[in-house]
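Work the whole structure out from these sequences, hints included.
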Amino acid sequence: MWIRGRQIGGKTFCWARESYRYSDYEFKAASREGYEQDWPFGYKDLEPYYDKVESFIGVSGSREGLEQMPDGRFLPPMNLSCGSLLAKQVIERKFGWRVMPDRVANLTVPHHGRPACHYCDQCQRGCYTASYFNSPAVTLPAAARTGRFTLVSDPAFTTSKAQPGTIARPAPKLSCCLPRLLSPPASCSTPLPASFPKASETPPASWGITSWTISRSRARAAFLPP
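Those letters in the sequence shown? Residues 1 to 226, by the working numbering.
Hints are supplied without guarantee of correctness; some may be wrong.
[Said to hold, decoys possible] Listed next, the in silico EDC-like pairs over lysine to aspartate or glutamate satisfying Cα-Cα at most 20 angstroms (straight line): (1) K94 x D121; (2) K52 x D71; (3) K52 x E18; (4) K28 x D71; (5) K44 x E26; (6) K44 x E67; (7) K11 x D121; (8) K28 x D45; (9) K88 x D102; (10) K88 x E64; (11) K28 x E47; (12) K44 x E54; (13) K28 x E67; (14) K11 x E54.
Simulated from the structure, these hints should not be mistaken for laboratory data.
Have a look at this one:
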């Protein structure tokens, strides 16, 4: 269940840290399975960016050589429990299925100044040692070190100046806005420019993100508390 976080760092505190790469089984699903639309890029286009992200945040996992679940730049995997090891042996022997540890953004060795997980089992309360990835412990300090960073907490936008077809250029000052997700009525009910695409004009591949947000923004504002 996704909760509505109201803190700096947002859902990076309460996600399960499962970190899997999409493959062309997802990006080219239309060509493979005949439904929806292919993404306009493939796995090879994103692979170097997956590498950068994993190297930065620290992802532990095992290399399995599976086409449908590409390997990454992993730290050593977390060990399976005794019960999981027994299940792995039986499943692989009887069914020939692959059983592997989760690929998670939890450190198993020290990484970029952060210590390895010591298995205290308090992940749900926030990681005291910053051994799992979250923004306040990883990305925000890195941004602050650039000297071009301003942290703006709890904002709500009131106008939209973006236009279709324009490209955002990096500003001289780097800002990090952390809005309360879906909560401020001003953010949810702000009308978009009339030239922005409506739900029916949005490709199905992005329906869950783009078209729902555009077409239901006012409906959300009516049901969500301030």
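Each hint tested on the structure:
no.	hint	result
1	K94 x D121	violated (32 angstroms)
2	K52 x D71	holds (14 angstroms)
3	K52 x E18	holds (17 angstroms)
4	K28 x D71	holds (18 angstroms)
5	K44 x E26	holds (13 angstroms)
6	K44 x E67	holds (12 angstroms)
7	K11 x D121	holds (18 angstroms)
8	K28 x D45	holds (13 angstroms)
9	K88 x D102	holds (13 angstroms)
10	K88 x E64	holds (14 angstroms)
11	K28 x E47	holds (15 angstroms)
12	K44 x E54	holds (16 angstroms)
13	K28 x E67	holds (13 angstroms)
14	K11 x E54	holds (18 angstroms)
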